[in-house]
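Required output: the full structure, derived from the provided sequences and hints.
As they're listed, the protein sequences go chains A and B. According to numbering that gives the first Met the number 0, the stretch in the first sequence is residues 0 to 381, in order. According to numbering that gives the first Met the number 0, the stretch in the second sequence is residues 0 to 533, in order.
Simulated from the structure, these hints should not be mistaken for lab results. Remember, it's a predicted structure, so these values are computed and weren't measured experimentally. By construction, the Cβ of each residue, glycine as well, lies at the ideal position given by its N, Cα and C atoms. Some clues are possibly wrong.
[Unchecked claim] Straight-line C-alpha distance at most 30 Å; calculated DSS-like pairs for lysine-lysine:
id : chain 1 : residue 1 : chain 2 : residue 2
1  : B       : K332      : B       : K278
2  : B       : K374      : B       : K359
3  : A       : K196      : B       : K120
4  : B       : K332      : A       : K253
5  : A       : K111      : B       : K53
[Said to hold, decoys possible] Computed list of chain B residues with no C-beta within reach of chain A, every gap over 10 Å:
id : residue
6  : I35
7  : P262
8  : D337
9  : V343
10 : I392
[Stated by the list, open to error] Incomplete in silico selection of chain A near chain B, CB under 8 Å:
id : residue
11 : L90
12 : P243
13 : S244
14 : V364
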Amino acid sequence: MHIPLDYEILRVIWWGLLGVLLIGFTLTDGFDLGVATLLPFVARTDDERRMVINTIGATWEGNQAWFILGGGAIFAAWPFVYAIAFSSFYLAMFLILAALILRPVGFKYRSKRESKGWRTTWDWALFVGGFVPALVFGVAVGNVLQGIPFRLDDDLRSFYLGSFLGLFTPFTLLCGLLSVAMVVLHGAAWLAIKAEKGVVRERACRIGTLAGGAGIALFAAGWAFVRFGGLGYKIVGAVMPFAPSNPLHTLVAKTPGAWLDNFIAHPWMLIAPVLGFAGAAAAVLGIRARREFAAIAGSSASALGIIATVGLSMFPIILPSSLDEHSSLTVWNASSSHMTLFIMLIATILLLPVVLGYTFWVFKVLWGRVDTRTILASHDYY
Amino acid sequence: MDLGVVDLSRLQFALTALYHFLFVPLTLGMSMMLFIMEGVYVMSGREIWKTITKFWATIFGINFVLGVATGLTMEFQFGTNWSYFSHYVGDIFGAPLAIEGLMAFFLEATFVGLMFFGWEKLSKGKHLLVTFLVALGTNLSALWILIANGWMQHPVGAAFNPQTMRMEVTNFEAVIFNPVAQAKFVHTVSAGYLIASAFVFGISSIYMLRRKWMPVARRSMTVAAAFGLLAALSTVVLGDESGYTLTDNQKMKLAAIEAAWTPEPAPASLTLFGLPDVKNRTTHLAVRVPWVLGVIATRSFDKPVASIYQLVAVAQTRITSGVQAYDAVEHLKRNPDDPAARAVFAEHGRDLGYGLLLKKYVADPRRADAALIEKTAWDTVPNVPLMFWSFRIMAFTGFFFIFLFGAAFLLTSLRRHDTRWLQWLGVIAIPLPWIAIELGWILAEIGRQPWAIDGVLPTALGASSLTRPELWTTIVGFTAIYGALAVVEVGLIIRTVKKGPYTADPEPDRPPLYPNPDAGPRRGFATPSALPAE
Numbered sequence: 000m001h002i003p004l005d006y007e008i009l010r011v012i013w014w015g016l017l018g019v020l021l022i023g024f025t026l027t028d029g030f031d032l033g034v035a036t037l038l039p040f041v042a043r044t045d046d047e048r049r050m051v052i053n054t055i056g057a058t059w060e061g062n063q064a065w066f067i068l069g070g071g072a073i074f075a076a077w078p079f080v081y082a083i084a085f086s087s088f089y090l091a092m093f094l095i096l097a098a099l100i101l102r103p104v105g106f107k108y109r110s111k112r113e114s115k116g117w118r119t120t121w122d123w124a125l126f127v128g129g130f131v132p133a134l135v136f137g138v139a140v141g142n143v144l145q146g147i148p149f150r151l152d153d154d155l156r157s158f159y160l161g162s163f164l165g166l167f168t169p170f171t172l173l174c175g176l177l178s179v180a181m182v183v184l185h186g187a188a189w190l191a192i193k194a195e196k197g198v199v200r201e202r203a204c205r206i207g208t209l210a211g212g213a214g215i216a217l218f219a220a221g222w223a224f225v226r227f228g229g230l231g232y233k234i235v236g237a238v239m240p241f242a243p244s245n246p247l248h249t250l251v252a253k254t255p256g257a258w259l260d261n262f263i264a265h266p267w268m269l270i271a272p273v274l275g276f277a278g279a280a281a282a283v284l285g286i287r288a289r290r291e292f293a294a295i296a297g298s299s300a301s302a303l304g305i306i307a308t309v310g311l312s313m314f315p316i317i318l319p320s321s322l323d324e325h326s327s328l329t330v331w332n333a334s335s336s337h338m339t340l341f342i343m344l345i346a347t348i349l350l351l352p353v354v355l356g357y358t359f360w361v362f363k364v365l366w367g368r369v370d371t372r373t374i375l376a377s378h379d380y381y
Numbered sequence: 000m001d002l003g004v005v006d007l008s009r010l011q012f013a014l015t016a017l018y019h020f021l022f023v024p025l026t027l028g029m030s031m032m033l034f035i036m037e038g039v040y041v042m043s044g045r046e047i048w049k050t051i052t053k054f055w056a057t058i059f060g061i062n063f064v065l066g067v068a069t070g071l072t073m074e075f076q077f078g079t080n081w082s083y084f085s086h087y088v089g090d091i092f093g094a095p096l097a098i099e100g101l102m103a104f105f106l107e108a109t110f111v112g113l114m115f116f117g118w119e120k121l122s123k124g125k126h127l128l129v130t131f132l133v134a135l136g137t138n139l140s141a142l143w144i145l146i147a148n149g150w151m152q153h154p155v156g157a158a159f160n161p162q163t164m165r166m167e168v169t170n171f172e173a174v175i176f177n178p179v180a181q182a183k184f185v186h187t188v189s190a191g192y193l194i195a196s197a198f199v200f201g202i203s204s205i206y207m208l209r210r211k212w213m214p215v216a217r218r219s220m221t222v223a224a225a226f227g228l229l230a231a232l233s234t235v236v237l238g239d240e241s242g243y244t245l246t247d248n249q250k251m252k253l254a255a256i257e258a259a260w261t262p263e264p265a266p267a268s269l270t271l272f273g274l275p276d277v278k279n280r281t282t283h284l285a286v287r288v289p290w291v292l293g294v295i296a297t298r299s300f301d302k303p304v305a306s307i308y309q310l311v312a313v314a315q316t317r318i319t320s321g322v323q324a325y326d327a328v329e330h331l332k333r334n335p336d337d338p339a340a341r342a343v344f345a346e347h348g349r350d351l352g353y354g355l356l357l358k359k360y361v362a363d364p365r366r367a368d369a370a371l372i373e374k375t376a377w378d379t380v381p382n383v384p385l386m387f388w389s390f391r392i393m394a395f396t397g398f399f400f401i402f403l404f405g406a407a408f409l410l411t412s413l414r415r416h417d418t419r420w421l422q423w424l425g426v427i428a429i430p431l432p433w434i435a436i437e438l439g440w441i442l443a444e445i446g447r448q449p450w451a452i453d454g455v456l457p458t459a460l461g462a463s464s465l466t467r468p469e470l471w472t473t474i475v476g477f478t479a480i481y482g483a484l485a486v487v488e489v490g491l492i493i494r495t496v497k498k499g500p501y502t503a504d505p506e507p508d509r510p511p512l513y514p515n516p517d518a519g520p521r522r523g524f525a526t527p528s529a530l531p532a533e
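Structure (structure tokens):
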């Protein structure tokens, strides 16, 4: 079969698509995670909580599909990353899955019984399902930036030599909190648009303002940590963008400060961190002025900027090994074969626009504020 | 390689997959039935059909979310627990999973919310379209998952690349149009339709027996009987199609199911009953029907069906050849251009997986002696009694449902819904299809052992390098969460069933809301207090 795009270009495209998936997940499911985290704090009575849950009740399932798709797409395009990241972060992954499992059932089962104890239990399940994944995702990204203690043997089998508690360092916790701040800001902006005008929306706006401020501070602190904390890895051996995927042939060394090299070499990339800061600031201002669209556009831009900052600062490295110079995964050594990347690209080009099209239509049908009176009058709502 | 870790990883996969598979088939079938019921509503315009659709949709929803929740675990478990498997075959196996997300899961997940919340927001026709898209999504999802699973049973269109130490795709079309995958898809989806039919039929039977919500129950029975008959017939017929494909691709699985230890002249007989004896490699008290297996399995009168002894002999040759392939790969690791090693690999590469089977006993397969090779060849035989009995119980259940739904279809067509024995049979039959599908899964997966990928990657090599405490933590954790959720889900379904489709149930002494002209004399109906209608 003739493949019209060369291997290097396909690898870069799939690196970009990995980013698109992460951003798609954060922009859609991110506000679900944020709203679930906010639930016990912005809504106190049962009616209030039902209103909050119904702002995301009809769409969270489709949003979560980004997570499933992310798993499948990493498996298909970056099998090394899929195999090594998830087995290394084994117990952290279990925490994320256990928390996310509580979410579908929490949404569906909460409204099935009237008792207070029942509903409060599911409210906390939903909170855990929002807060824990947001925190652990951030911690995981922090660990990737620090380097993961794994190595590959000559069969390319991976061995992880770290521990679960070792995942939590000051830097990775900082990343975890940044991730929580990001989704809480996004969730608050969503509630500003979607919740009926009243006390719940006001509380969400107040917490959103705080989360936006915290996000800006944490992002700045993270930047400083990377700059002065000696983080960074770099390919020091030959760069082979066309070689078969085999990490053993790449030499990657720990190089303090190297995570900022790309921004120095290509200053246009600074758009990403600027977007991270400016977006959060715009979101805070939007929330304060009750300009909901400015708020959600700002929180979306901020999330996009922060994720892009991490991706660009590491490029072309994807998962650096802190133990072995010949095990790190990069864009050039961890992908699927040339043919699989091409076939999956065709599938994505054909199907992703369809997905985006109907997702847009569903959001359009369900557009409008959720108000308590409608919920109380109908049996269709949660 | 720690075999304890491998066994625990297998245990966790089996637990989570069997659990996931309790909910998914019901989702598959019920989404289709909802589309049929709502279709009748849209075409006839009668409100009772909307009531019926919304009632079953409520139960569908309770079941659906657990399928989704437990599916999360499945999507990531290959990476967390089977990381070498993921590396080794991700180039092929990952693609159908990604396409499943893109083409199928997105569809069902995006529209399922609108299906529940869109009744007031959409026109009748548009809502029906949404329900259809949910059903389409769930069924496409099964297609892509079974293309992935079919490839594990019969790995076509791929070859080992020594430079990357993994399997890589050579022909993607072959992967998609894999005959094993196609047969598995239609069989599994039909089984899902059967489960949903049995579920709807059984619960409607309970209502009929208790003389509650009969307008809903009668109509649901009619739909379930017709849909169930089609489902039962196609499950059995297409299951036979799966059997047919086994003869080409998975001879060992078929031999184990039949406990066919020694060769038999064509056409082979079918063993109805027997006691497989693994130790002495024979089957006691076998009751055989001449010719039947040979005809089913080979679609001919002259082709023999391979026996276990013959297949073990083949495995032994392939292991010997695989050791040479292994040696060639070890040379190619150091020098990818070594011409001698490349020549050896070209000749023996297809047996590499057989060589890897020896790694269970020796770190370096080249050190294995003839005795070890013979012992390892016998490892390629899966658990014969388990295969033998799982298959017979599964197949018997299939035939039982042809009878049940055949009778149900006849009686409901004659408007004899109120046949008591049929209703009782319907109630008793509710759990049976679940037993059959779980056994079907066991047949497919245990029958493939010792392979994760048939002939390519032994299961024992696929596991992640985890520790036993890590595995026990997650096994206990998943069991606790899944156990609690199972209790909650069953409780909520019972509650919904008790609550019924509508609250204003007509009093028994008043004329019913939907008069039933052919209702016979009422026998032993429950008083309203027998079923609290909250």
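To see whether the hints hold, each was checked on the structure:
no.: 1; hint: K332(B) to K278(B); in the structure: 41 Å, violated
no.: 2; hint: K374(B) to K359(B); in the structure: 11 Å, holds
no.: 3; hint: K196(A) to K120(B); in the structure: 22 Å, holds
no.: 4; hint: K332(B) to K253(A); in the structure: 26 Å, holds
no.: 5; hint: K111(A) to K53(B); in the structure: 15 Å, holds
no.: 6; hint: I35; in the structure: 21 Å, holds
no.: 7; hint: P262; in the structure: 38 Å, holds
no.: 8; hint: D337; in the structure: 15 Å, holds
no.: 9; hint: V343; in the structure: 19 Å, holds
no.: 10; hint: I392; in the structure: 31 Å, holds
no.: 11; hint: L90; in the structure: 6 Å, holds
no.: 12; hint: P243; in the structure: 4 Å, holds
no.: 13; hint: S244; in the structure: 5 Å, holds
no.: 14; hint: V364; in the structure: 6 Å, holds
Against the hints set out earlier in the document, a violation occurs for number 1 only.
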